[in-house]
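Engineer: Protein sequence lines correspond, in order, to chains A and B. For what it's worth, my numbering labels the leading residue of the first sequence as 669, then goes sequentially. For what it's worth, my numbering labels the leading residue of the second sequence as 669, then goes sequentially.
Hints in this document: simulated from the structure, not taken from any laboratory. All C-beta atoms in this analysis are idealised placements derived from N, C-alpha and C, irrespective of residue type, glycine included. Take every hint as true, because none was put in to throw you off.
For lysine-lysine, the following DSS-like pairs were computed, each having C-alpha atoms within a straight-line distance of at most 27 Å: (1) B:810 - A:801; (2) A:889 - B:889; (3) B:889 - A:873; (4) A:810 - B:803; (5) A:861 - B:803; (6) A:803 - B:698; (7) B:810 - A:810; (8) A:803 - B:803; (9) A:723 - B:803; (10) A:873 - B:873; (11) B:803 - A:801; (12) B:873 - A:801; (13) B:785 - A:803; (14) A:803 - B:889; (15) B:810 - A:785; (16) A:837 - A:760; (17) A:810 - B:861; (18) A:803 - B:801; (19) A:810 - B:785; (20) B:803 - A:873; (21) A:889 - B:698; (22) B:810 - A:837; (23) B:810 - A:861; (24) A:785 - B:803; (25) A:889 - B:873; (26) A:889 - B:803; (27) A:803 - B:861; (28) B:889 - A:698; (29) A:803 - B:810; (30) B:801 - A:810; (31) A:803 - B:873; (32) B:785 - B:889; (33) B:837 - A:810; (34) A:698 - B:803; (35) B:801 - A:873; (36) B:801 - A:801; (37) A:861 - A:801.
Footprint (simulated), chain A over chain B, 3 or more residues, beta carbon under 8 Å: (38) 824-832; (39) 861-867; (40) 873-887.
2 protein chains.
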Amino acid sequence: MNKYAIIVAGGSGSRMGSETPKQFLLLHGKPLLMLTLAAFFEADASVIINLVLPKSQISVWLSLCETYHFKIPHRLIEGGQTRFQSVRNAIKMLPSNGLVAIHDGVRPLVSSQIILKSFEIAAQNGSAVAAVKPKDSIRMAKENQTIAVDRNQYFLVQTPQTFAIGLIKMAFLQDESPNFTDDASVFEANGGKITLFEGDYRNIKITTPEDLTIASVILRK
Amino acid sequence: MNKYAIIVAGGSGSRMGSETPKQFLLLHGKPLLMLTLAAFFEADASVIINLVLPKSQISVWLSLCETYHFKIPHRLIEGGQTRFQSVRNAIKMLPSNGLVAIHDGVRPLVSSQIILKSFEIAAQNGSAVAAVKPKDSIRMAKENQTIAVDRNQYFLVQTPQTFAIGLIKMAFLQDESPNFTDDASVFEANGGKITLFEGDYRNIKITTPEDLTIASVILRK
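Kindly generate the complete structure, drawing on both the sequences and the hints.
Structural biologist: What follows is the structure, encoded as structure tokens:
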């Protein structure tokens with residue numbers, strides 16, 4: 669079965685207190701987005717990588733690829749106004765058969781094991797979404813208050829979120845909704861069944877300067 | 669109003685793959701539990717610190733205090749079989765008036781600001797529980813499946829959890845329940861109203877070797 673990846677890199681870097689979009693910040697001496705693409709290439713070189721970037725960043729990316737002699741083959745796709753639209757743009761470009769792993773550009777620490785597992789599970793179940801158990805107690809808002817809930821009933825969702833392409837293509841024909849916080853929620857709103865599998869606490873999303881430092885520590889190990 | 673802290677350090681270290689209980693692992697060259705006590709002392713030297721330790725660790729702690737010339741005044745209390753019982757042992761020792769901040773021994777990165785804020789808010793509201801918004805999408809178990817939920821309605825709970833002593837004393841007269849995952853849930857089960865306030869993502873709980881490395885990075889900043 670053909671395997672595809674859609675790497676979504678839409679961030680502007682405002683939360684980083686930096687002018688550089690966070691996906692271009694250096695980690696291990698390279699724009700971290702390159703590490704994310706490399707993770708997929710190293711897990712399985714046959715995966716066809718699609719990188720979604722805001723139009724304004726495409727030329728920057730191309731010049732970074734030259735500067736850093738970045739050779740991992742990938743196709744560039746122009747992003748939309750929102751994450752939903754960005755992913756939709758990429759999904760439209762895919763053939764109807766095969767599997768696609770949709771992954772945050774700012775999660776460069778994803779392991780080969782997680783990537784391969786997500787393809788395997790999606791091949792069997794139609795979907796495979798990496799998730800971890802919360803380590804903290806959880807409270808839920810209720811009538812201007814909050815109440816304790818059983819944390820064993822909850823999962824913190826990561827990426828990759830991997831799908832049978834035929835099914836996720838249909839899901840992305842829906843109109844956009846504010847309830848779509850990730851691709852699993854789009855898939856589910858179209859009647860798809862979500863299969864979770866155990867993610868990895870180290871597969872962090874880099875959104876603050878501390879995250880970047882933490883990522884570099886994890887990488888060094 | 670008199671202020672107390674209960675620092676709960678009950679862990680055995682098994683998750684660390686280490687023989688040393690995690691609260692004694694070195695961070696910045698000191699057993700990390702010492703940093704936790706120091707955080708309270710530095711926030712407000714008038715806070716009366718109560719440290720709850722398993723019976724088997726008390727002599728180790730005393731000898732560590734000697735080795736590291738640890739001089740921050742604190743009272744030692746023997747822990748129970750569970751966290752609930754450990755906190756209850758300490759709560760019983762407190763007078764009925766004042767405020768008590770209950771805090772995980774393995775959260776050494778708590779800031780002065782968070783500690784002071786928790787006492788302030790608890791003085792006004794009877795409770796003050798540090799919590800942060802989840803950064804990831806959340807799913808909830810439902811009938812052998814999971815469903816997407818609105819993450820804006822959820823909070824990840826940290827410590828300190830600070831209470832009016834009179835109220836938390838009454839709450840700890842209840843029988844222990846498996847639903848008591850933290851002190852806020854005990855307080856709430858007795859009819860108490862929980863006031864959340866904004867915690868700090870850096871105030872991590874150290875439960876894995878990676879957490880220890882991450883904590884040392886955050887500390888160096």
